[in-house]
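Number of protein chains: 6
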Amino acid sequence: MKIKEIHEEGKVSVKALITKCDRGRTNKNTPYLSLTLEDRTGVLDAKFWNLTDEMVAMYHVGMVVEAQGEIIFHKNAAQLRLRKLTEDKDADLFDYVREAPMTKAEMKAEVDSMLDAMKDPVIRDVTREVIQASEEKFYTYPAATRNHHNFVGGLAYHTICMARLAKAVKALYPWLDEDLLCAGILLHDLGKVEELSSPMLAEYTSEGNLLGHISIAAAMIDRVALALDLERDERVVLLKHMVLSHHGKMEYGSPVLPMIPEAEVLTLLDNLDSRMVMMKQSIDATQPGTFGPRMFALDNRMIYHRKEEER
Amino acid sequence: MKIKEIHEEGKVSVKALITKCDRGRTNKNTPYLSLTLEDRTGVLDAKFWNLTDEMVAMYHVGMVVEAQGEIIFHKNAAQLRLRKLTEDKDADLFDYVREAPMTKAEMKAEVDSMLDAMKDPVIRDVTREVIQASEEKFYTYPAATRNHHNFVGGLAYHTICMARLAKAVKALYPWLDEDLLCAGILLHDLGKVEELSSPMLAEYTSEGNLLGHISIAAAMIDRVALALDLERDERVVLLKHMVLSHHGKMEYGSPVLPMIPEAEVLTLLDNLDSRMVMMKQSIDATQPGTFGPRMFALDNRMIYHRKEEER
Amino acid sequence: MKIKEIHEEGKVSVKALITKCDRGRTNKNTPYLSLTLEDRTGVLDAKFWNLTDEMVAMYHVGMVVEAQGEIIFHKNAAQLRLRKLTEDKDADLFDYVREAPMTKAEMKAEVDSMLDAMKDPVIRDVTREVIQASEEKFYTYPAATRNHHNFVGGLAYHTICMARLAKAVKALYPWLDEDLLCAGILLHDLGKVEELSSPMLAEYTSEGNLLGHISIAAAMIDRVALALDLERDERVVLLKHMVLSHHGKMEYGSPVLPMIPEAEVLTLLDNLDSRMVMMKQSIDATQPGTFGPRMFALDNRMIYHRKEEER
Amino acid sequence: MKIKEIHEEGKVSVKALITKCDRGRTNKNTPYLSLTLEDRTGVLDAKFWNLTDEMVAMYHVGMVVEAQGEIIFHKNAAQLRLRKLTEDKDADLFDYVREAPMTKAEMKAEVDSMLDAMKDPVIRDVTREVIQASEEKFYTYPAATRNHHNFVGGLAYHTICMARLAKAVKALYPWLDEDLLCAGILLHDLGKVEELSSPMLAEYTSEGNLLGHISIAAAMIDRVALALDLERDERVVLLKHMVLSHHGKMEYGSPVLPMIPEAEVLTLLDNLDSRMVMMKQSIDATQPGTFGPRMFALDNRMIYHRKEEER
Amino acid sequence: MKIKEIHEEGKVSVKALITKCDRGRTNKNTPYLSLTLEDRTGVLDAKFWNLTDEMVAMYHVGMVVEAQGEIIFHKNAAQLRLRKLTEDKDADLFDYVREAPMTKAEMKAEVDSMLDAMKDPVIRDVTREVIQASEEKFYTYPAATRNHHNFVGGLAYHTICMARLAKAVKALYPWLDEDLLCAGILLHDLGKVEELSSPMLAEYTSEGNLLGHISIAAAMIDRVALALDLERDERVVLLKHMVLSHHGKMEYGSPVLPMIPEAEVLTLLDNLDSRMVMMKQSIDATQPGTFGPRMFALDNRMIYHRKEEER
Amino acid sequence: MKIKEIHEEGKVSVKALITKCDRGRTNKNTPYLSLTLEDRTGVLDAKFWNLTDEMVAMYHVGMVVEAQGEIIFHKNAAQLRLRKLTEDKDADLFDYVREAPMTKAEMKAEVDSMLDAMKDPVIRDVTREVIQASEEKFYTYPAATRNHHNFVGGLAYHTICMARLAKAVKALYPWLDEDLLCAGILLHDLGKVEELSSPMLAEYTSEGNLLGHISIAAAMIDRVALALDLERDERVVLLKHMVLSHHGKMEYGSPVLPMIPEAEVLTLLDNLDSRMVMMKQSIDATQPGTFGPRMFALDNRMIYHRKEEER
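Protein chains in written order, with our numbering: chain L, 993 to 1303; chain F, 993 to 1303; chain U, 993 to 1303; chain X, 993 to 1303; chain H, 993 to 1303; chain R, 993 to 1303.
Keep in mind that the hints are not guaranteed to be accurate.
Derived lysine-lysine pairs resembling DSSO-like cross-links, with alpha carbons at most 27 Å apart [claimed, not checked]:
#  : chain 1 : residue 1 : chain 2 : residue 2
1  : U       : K1129     : L       : K1299
2  : F       : K996      : F       : K1007
3  : L       : K1241     : F       : K1241
4  : U       : K1111     : U       : K1039
5  : U       : K1272     : U       : K1299
6  : F       : K1111     : F       : K1003
7  : F       : K1081     : L       : K1162
8  : R       : K1299     : H       : K1159
9  : X       : K1162     : U       : K1272
10 : F       : K1299     : L       : K1159
11 : U       : K1111     : X       : K1272
12 : L       : K1272     : F       : K1241
13 : R       : K1076     : R       : K1111
14 : X       : K1012     : X       : K1272
15 : L       : K1272     : L       : K1241
16 : R       : K996      : H       : K1241
17 : L       : K1039     : L       : K1012
It is worth saying that the hints were derived from the structure and are not from the lab.
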């Protein structure tokens, strides 16, 4: 059974990946596990009660399991009371993780065609080199550990969505430098391949916490520009400026504010794509005619799922 | 001579509109005038020294004049020292004001085609009625008294630019309600036809200061919906919500925050269009390779005009 | 037994209204209910353990019940461990809700006498019409869902208290327009009759969340003024201004700030009455010589209940 | 001629007090004086051109002068171009300063009757002693150097206005401690007698800048309580708390926030009285139907002077 | 066994002080205790299940106990499941509390030598008198109830550390007044002897909450200066200024900002010493190569414990 | 005559450097110059009236001149009315600029001895290489364009002062890594050699505005580490972290907050040294017993110059 097929209480068996695995003990000192299970179709909370210390030690994050038990509904959300939990050692973890709606090949083709379309050789060469140096990670890492685009390929997919919007912006304001705008979009979050630990089950690395993906990406550009003997070219300075300023405000971690229009477009499109995804996720999890939970990443707003009958 | 043709010091004669007219007296108690002159091509500061009280009383804002004198450059900006200033009573004030790059007819055609394309009858009818009730003003008023789109037709032109961007956003997120999004954009700033005093030389009205264009536009929608017996329809509530929330933050004067994705798109596109225009204005007034002045409406940022040779 | 009569541990039987009803399951998967019970004299937390799914489904918010069980004290607060819980279908819910210290008739008489005392016919007529259009709700709705005046009639009672204070303010500053001040007070929170769902057990409506009571009340005034052909009268604009600005700061949801003295008085008296009630509630629930809990609605302050012996 | 009688351009002679006296030199290196003149009826700007260094040295703040010259209107405000300026050594400076609308004797009588009405002997004795220790200054000092109550007796008058409002508040919330509330009001700004330099022409003292009137007043209470052997009495602690917390927010200089209802009433009535006075001043200086200048002390608001005909 | 010697699960017996003692009841209505135990070497959480009401009533904060039970690890932290808990009535509570790394005698000697070294008689005499008036408490009270220096003698120890740093600052900026700087440091937190309740198990007093340690310390200086007839001496005003301004920002509770360099040094050294201690505590409780928990008192930062091998 | 020797009005002749040179025209359209003159002893404002366009074009920033004219005092500050202004083409500009109180050789010796004392080879080698790559600029550039250390050698001198304070901090907290702390201090502001334009008469470069000295310095470290094959070494990451976090708050331009104690010490000592210098400058320019002007870089504080007689 797939997770998204679960709609009612009763016995189930699902094959899924453990993405969270917390140990606990009841008041009576009996060990138990509090788990999050994921497959490509969704996410499920599970509890495994009345274990021994030996059993508790058998399970960990990243393990693919056959999970059997009973679904109950607790505060309108499904929860699995586990009866049996067996590792499937032959399973391929990649079959159980959520992924971008485009394949890696599709995303690479779209990015390559953007690079090929650039007319400015300096911008094109620097951007291409920086992406190539992290290519494998660029197409598999998520764009965040939670909130939005937190799936395999999320980083490249988020980038591509922004680049598509940028074309419409360029059409309205033809005086914008399309090569610079597109390059800035392609590189703006690339530092996340060092800030985060892995394509799946990503956590922040120590380097990621200490430096931040903004400074990491600026260094990636600097290294390539130095190797190409372009570190004094103004276009390279502007590319670094776009990456450094893309959080839009100093209190969000940008050491400088956007001072060229292309940098301003970048920060607004970044907000637009990430917020559309978060709002859609909230609406999909909410009944029509009601509001979802307050979301910290949306300034604590509740999102309204409008009534169906009136659309 | 047109204002934009002024490039060097020396004698000139220009025909222009007085848009600012401040009276003063020198230390020696002699009256003088400090003026702003505009024609369709630009803006020029002027000083008229050594006047009498009678002469000072002859000039006022909104007068078209033949201005003769000498151009000097003061802090890198041209200034006209007036020798003679004659009213041209036959001139049509409208020949001297800056206007949107589209004609009123072109703008009306584009708005009408948007309305015709709406599939939802409630949204279409309410939006059409609200615009019709202020049609003359909608196509002639500016979008602001300064900063951006402060010219005849600026309100409709700003609205149309946002609507064009909205089409690209809809293409990427097809689950958005295009009718609602387009209607929200068309109505979001319509309250400015009451908040401001006139198409040209606009000032804030008392009602504009006391209520604000956000509440004024919400009332306009309410009245039409009441007349159409639609005031309880959820689509009308959502339209009002989009108008009320379009400043994006409470401290910017929105009494509620955007709670539906269409409202979030509205506020981001509003920022995008207004900031592109302000940044372009700054760049056009700045030498390549230098930064423009700090701009209050852009969080006190200076905008960089990049070097020409490298584009 | 009345709730306020409960002072010690032991068996009790109370008749009360269910105002909160959360379902849960223990670690052992047994269903239980976590309830809030209210009668006119107070509020009581209750737990009903060891239920079946059928029993859990029998109870809901708004039901009047006969509750039997045992009182225990948990963190200095009484809690009822239920043994038996029976619906009383004949009971009138209104007998069990908390109410304003004035009757509806008394409040209506006081409001009517204020209206009769107004000398300005425009202000009087508009105010009277707006109140009449929501009269039933105005005298029964609460002023909030929690924090202060969250009881039947709270909205009108809060309004009347503010109006009484306004008389003293007018006496000290005789140049204030008493009619305008009184009208602004009477109308300032009237939008709550749409923002909230009901006199008792009130929740926020969708329209309430999307528009806010401030914009709702402004629309109420606008509709009446339109019907009376007074929508351009400055006194109507000022009334709307008072309602729109009464939260005092933009970040609290007012789209404009108070720009006339009567509006400033309104916002200060609103703060005064609501804070007095919240502080009194905190003091009544706190031992002399100690501080109450931090209160979010009071900027996270703790309120001090001073020592008895020294008064 | 009195200052308030000046309505048109032309020659005048006024007897007034110099309250500001700045020296300058024109571009041509000629000394001049820029003065502010005040009498009991108003304030007047004046310029004295073409002086010698000897003449410039003759005039200073606090001098009563006979001023002769010509009134001109500069930016809608009257300005006096001086021709002759003679000191009147026999004049009594006190005849030329603005004063509270109550006499010192009236104010003292009202304060004394408040003290006599106090039932709590600790509060009464401490308050009486603290006021007596600064009595002369309490009835003559202003409440501020500008903005509001910046006239002789302003401190006592502001205090008395607040105390009158407090009676109405007590009537509505009878559980408040009237003695404590009244005592807190009487003492809250008393530190200004050390923070400011004099009843007229007041400036901040060094001690005033370094300690602030809040801490100065707390020390005044502490000294009296110590002398009366009451420094451990809770009522004394509460009185100090009211003084310390009366600015209402830490960022306005209160080291603690109001934690008793009496302290909250104090801070709200302080705001009410000072804002009413500032708003009235703005309205009196503004034409009906227009807005006054932005006022820093009112969060940068403009105040609206409503149209006359509609009142 | 000492608390810091506990490294693994299994049976233990420790002698310790109860510093937190919360009563609870399980779902089954059985009483239990949730305790914090401390000895000089560390802190340990403990649970005592399945008690009777009589047993629960036997234990309270401040009792020294012999605690027997079993250590388990819950979320990587040791927890003691109690089997037996016996009061040791002969134990001296002081043998079980954490203390400063200097003895009281050592601290007093260092403070006295600082006082003796002061050349300015006014500063020296006032400072000495103020400290003597609270001497016993100054050397035993903590500097805070948690976060940093929350141990016996913490107040004096924190003060001494700051004074040592001040010597280096004076060496670099010889124009600073060393006596004033040292005196300000010695007195800046002295108000904590009234703000907190006791050397051990300290809580905020009512007076502490209502006045704050800043105002309390200012009053202490004022009383001594008055007794020495020095209350008008500028050095006394500057000392009070240093105490009042030492939180560095109004929103942190300082009614005035530092306006002399010595006050600025004081606030920066206060931050330096308190943050070093908090960061060291976090690092000591964190594994190398990982980050500690977010700390509210450090602006919500996580502190990094760098990898061992690379030092 | 040296600038600091000017104490009274009268004729003077000074040899000095032009550091500001603004052109203007009087109301009568006559050109004039408004100049700032500096020599090693101080700064002097000057006006040169009644010029021709040819004369105005002769002078510019960076020129050494013989200036003759008359000193007058305007608002208590000396101003030079120029009569004659002659360029001295043989003068060495460096003889007229203000400099650090240590020679370049002394500063280099102190920095080299710090580097030699480092025990950690990775930290030592990276730090030494980064400084060597900008050595000439490091010892000549200022630390800022105004406010503090805005003189030749200011950057190195500010760095050395901080390093001296760091030794005292290390003495008190011996668990700090002295090599890391010292290296972070040496490198923290090094990006200013690219952010600013020159040792004297420095302005912000375009790259400086677009990237900021924080990101520039991080790139400098990155390049050296890459060349030494140390870019993955944790010590290099920590050095970059210290540079990135040294402004202490995100809103001051640090993309990450200090997460190791050495980074916290760095930001506090940076504040300490810069504020001591700004406060001393204010005191030196203020009369005893008075307050200096409000200083933007000190949170708008006025600094008090205490009375002399009492020290």
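(message) Which constraints among the numbered hints does this structure fail? Numbers only, ascending.
(response) Result: hints 4, 6, 7, 13 and 16 break, sorted rising.
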